[in-house]
Amino acid sequence: MSFLLNTWYVAAFAHEVRGDAPLARTLLGRPVVLCRNAEGRAFALDDRCAHRFAPLSRGRVADGAIECPYHGLRFDGDGRCVHNPHGDGRVPSQAQVRAYPVLERFGAIWFWPGDVARADAALLPSFAFVDPDANLTHHGYLKTRAHYQLSADNLLDLSHFQFLHPDTLGSEAIAQGDVETAGSDTAVLVRRSTFDETLQPFVADGFGVPPGMRVDRWMDVKWMPPGLLMIVVGVTGAGIPREAGRIAPSAHWLTPETERTTHYFFAFGLPNSMGDAGRELVRYAVDGLMKPFELEDLPMLEAQQNNLGDADFWSAQPALLPIDQGAIRARRIMERLIASEREREGDAGPRVIPVKPAFAAA
Amino acid sequence: MSFLLNTWYVAAFAHEVRGDAPLARTLLGRPVVLCRNAEGRAFALDDRCAHRFAPLSRGRVADGAIECPYHGLRFDGDGRCVHNPHGDGRVPSQAQVRAYPVLERFGAIWFWPGDVARADAALLPSFAFVDPDANLTHHGYLKTRAHYQLSADNLLDLSHFQFLHPDTLGSEAIAQGDVETAGSDTAVLVRRSTFDETLQPFVADGFGVPPGMRVDRWMDVKWMPPGLLMIVVGVTGAGIPREAGRIAPSAHWLTPETERTTHYFFAFGLPNSMGDAGRELVRYAVDGLMKPFELEDLPMLEAQQNNLGDADFWSAQPALLPIDQGAIRARRIMERLIASEREREGDAGPRVIPVKPAFAAA
Amino acid sequence: MSFLLNTWYVAAFAHEVRGDAPLARTLLGRPVVLCRNAEGRAFALDDRCAHRFAPLSRGRVADGAIECPYHGLRFDGDGRCVHNPHGDGRVPSQAQVRAYPVLERFGAIWFWPGDVARADAALLPSFAFVDPDANLTHHGYLKTRAHYQLSADNLLDLSHFQFLHPDTLGSEAIAQGDVETAGSDTAVLVRRSTFDETLQPFVADGFGVPPGMRVDRWMDVKWMPPGLLMIVVGVTGAGIPREAGRIAPSAHWLTPETERTTHYFFAFGLPNSMGDAGRELVRYAVDGLMKPFELEDLPMLEAQQNNLGDADFWSAQPALLPIDQGAIRARRIMERLIASEREREGDAGPRVIPVKPAFAAA
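Chains as they are written, first to last, in the numbering used here: chain A, 1 to 362; chain B, 1 to 362; chain C, 1 to 362.
One chain only, chain A, in its complex shape (with noise of 0.2 Å):
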């Protein structure tokens, strides 16, 4: 199991990475650190002092750049060292820390882990309906304890809100619901409907549904590497065309943090022009998600993790469904892209994500 580099990843949402303070966090089993130089640029750099592997995260943030919290030196957003108060104050050449390329965008702060001349905005997928610049929009995070393919697996086959989530999210009709299956080299669709059914509270309230009324429902869930999804979901009266429903899109973007752990971040948004009552919104499904996918999701990734031990997915020889389809072809995409990655570098071999590759070159 290995990680692809070159893509974007979030490293944390915008509204956490401050100027005056910096923010620790692992990212791909890397100490990262964040933070925003005077201009309000965000950064991310190795959170591991040049000098003494001192953790750049506890130190103050002085004139824009972060200073070491054991020997003082600083280091700006490009991670080069700006000032040693020690003697004549000279800067040795290896007084780098790496720094990774960074976008801010839809109220996020991706990374890019690979190599800096690859790093492309463009290559970034729109998440527009996000960006808080015209949407009203909320924010959740979790931490999972399980590989972040786990959870896109998750995410991609929404039949387990009958199983695992019956109070809330799910209802008697998902398991017999129609699910159609798409896509291309980047990007994987899976569209689930029911039809007929009655809906949980929670889901009914959302979308303005009276109690016990009968309604039909599709999920609509879009992934893209390396593990970025969108999902739609519409409701509408049993038998009536789905134009004249009501829809609620959703960001979910995963991060690894470690083989074992995924950062998961998610997001709704809806049009400012919606004003309170879309404000009132997309906390409302923000704040209701947290409670079945704290307490019924992430342990039971926990326990796919655990039962899946350090075995490779597919050694452990998983009975496959139609169910899977959409979570075995982003599998698969990803597998091409890794082994692709690992291709260019011209090695076919395991591979290990350097500690300190930007002093390979120096």
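Keep in mind that the hints were calculated from the coordinates and are not lab data.
Take these hints with a grain of salt, some might be off.
Claimed, not checked - Just some of the chain B residues that point at chain A, by a computed CB distance under 8 Å:
hint, residue
1, 72
2, 191
3, 193
Stated by the list, open to error - Listed next, with one range per pair, are the computed distances between beta-carbon atoms:
hint, chain 1, residue 1, chain 2, residue 2, range
4, A, 90, C, 198, 26 to 34 Å
5, C, 299, A, 90, 27 to 35 Å
6, B, 60, A, 283, 32 to 40 Å
Glycine included, each C-beta is placed from N, C-alpha and C at the ideal position.
Let chain A serve as the given structure and place chains B and C on it in line with the hints.
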């Protein structure tokens, strides 16, 4: 170090395994789920759904089958998927979890982790005196943080009563008692006899001996593979023939949880004919032993294991005393049985329990 | 990474080692038991009975020997089994635990983990100023969750006072102080001098300096293998000759507990002739240092170790500054000593401390 597979181990006490809720237990390093079918017959499966590795033990029981809590597949007592709620309901041929041969005997559920074809109820030794049909029985359970053979060593050399349990089971006379060791290819017998000693109140009261009375005591330990012991303690007045004394028989069953932890099941039984007095005595014995077992034996076994670390017992070069003869015989029997099991499989090297052996043939 | 074995390490403060109860302590990765015999002489044994690996430290002391809590064997200060309570009482020849050469000096118990034949009291450097016979002394102990050489680095570069301990030991003048580094094959000297600074109250009060007074301060650090340091801090009025000032000498002894944890023993001593004032000063110094050491140094050292992981210090490619000269010299001395120890043993490969070297010869 490796476990003997073609043998019966206790998986649980019979009362722990129910028809309305599955029981999760790690046995020989494997997650196992125990349950009863609609007829009340106990069964044991790998606690890992064939589909996505979810723990079946967190599911509910439906029509005598266990329903996976993640996507609703149901598995019967033979590990067959008997229900797929999705789409056309077809069950893929790999949707099979490993089922273990199971017996219900002597108040316990026994499972056979080896080849199904070799599982034979006749190989289970008798512990008739704790059969609940004809006896008043009481049970105790402790988790030991040590390899199960360190627990067997403990029970095969009760001289430690004097040093580890001075206030409950021991006396100053024990280390100087007579010890006879005997056995066969499949059993070890150790008889320890002490003479003219004064018992601690816990033992004296249990045997109805007045405070301060001088007695002779004998403790017969019978060990059978893989770690099944019967201990009969007898007490009589000092110099009085044993036939005039009273005895207390107990069963001690050791099942590896992992290489470093052990399920320790123990039970006392007296004939139904003893009525309330017998009922009280078996409770008195089990309840009274919990304290020295838990507060004295468990920390010692854990400390031994910590000092041993991952080293093999023999590589740690123990200094052997005559009191170790029984324990060493038992270890030699286990080594022969494990070596012969490996040879039979044409595999002389180190052996790992396969995660899904049922699939190898499927 | 490996430890130097043929050298003296502090095992405990003298007052911790008693004749009526053994003390358990892990030293260089080994469980060791410390005790005193009937004559009050301290001894150190492997904390692992030769019979069944029980920790001797949980036993009682009987006739100046430690009695194993499991089966009652007794071992004297030379590790010889001097009593077997079982059967004919014969002691098998392997019933011997490893005994370490031990010295009691300077208020501490020192042990020698290497070849017994090379243990030589003359190799122990003097810390006469904390010898309790002639001095008023006070001691502090902390467990550091980092390799002991990271702690030595910390003490060899006190520039960190400014950044890590700004409210107690530091001042804005420290990083700009003068640093002189010197040394030999077996010692490193670092003198840091600061000029015209204002001390924080903790240091000012300790030296009897009025609030706000401008002073010069010098901090002389002497390091000796394997991790024995003497620090003398002196303070005088700004521009006043050092001879007119006051000094505070302290001892800092680092003993590896494991590859990633360290016993940090430190002590202050002043001549008996100083009476109550001296008694109060050594207490003031030790008690006052506990807070910055515990709340500031310990988390930093642990964070450094976490960032370093299992990597070798040099493989992490630290950017070196002039302030690192002392620490680097000390590391180079240790590398030479360890390499030379390995060479002497005709073993150039990685080296593991044998678990029971005494048995190799038996």
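Look at the Cβ atoms of residue 90/A and residue 198/C and judge whether their distance stays inside 26 to 34 Å.
-> 27 Å, holds
Taking the beta carbons of residue 299/C and residue 90/A, is their distance inside 27 to 35 Å?
-> Because 29 Å falls inside the window, the suggested range holds.
Residue 60/B paired with residue 283/A, Cβ distance criterion 32 to 40 Å = Roughly 33 Å apart at Cβ, these two residues keep to the hinted range, so it holds.
Interface hint for residue 72/B, Cβ within 8 Å of any Cβ on chain A = 4 Å, holds
Holds or violated: residue 193/B as interface residue toward chain A, Cβ cutoff 8 Å?
-> 49 Å, violated
Close enough to count: is the Cβ of residue 191/B nearer than 8 Å to one in chain A?
-> Not OK, violated: residue 191/B not within 8 Å of chain A, min 45 Å.
When each numbered hint is compared with the structure, violations occur for hints 2 and 3.
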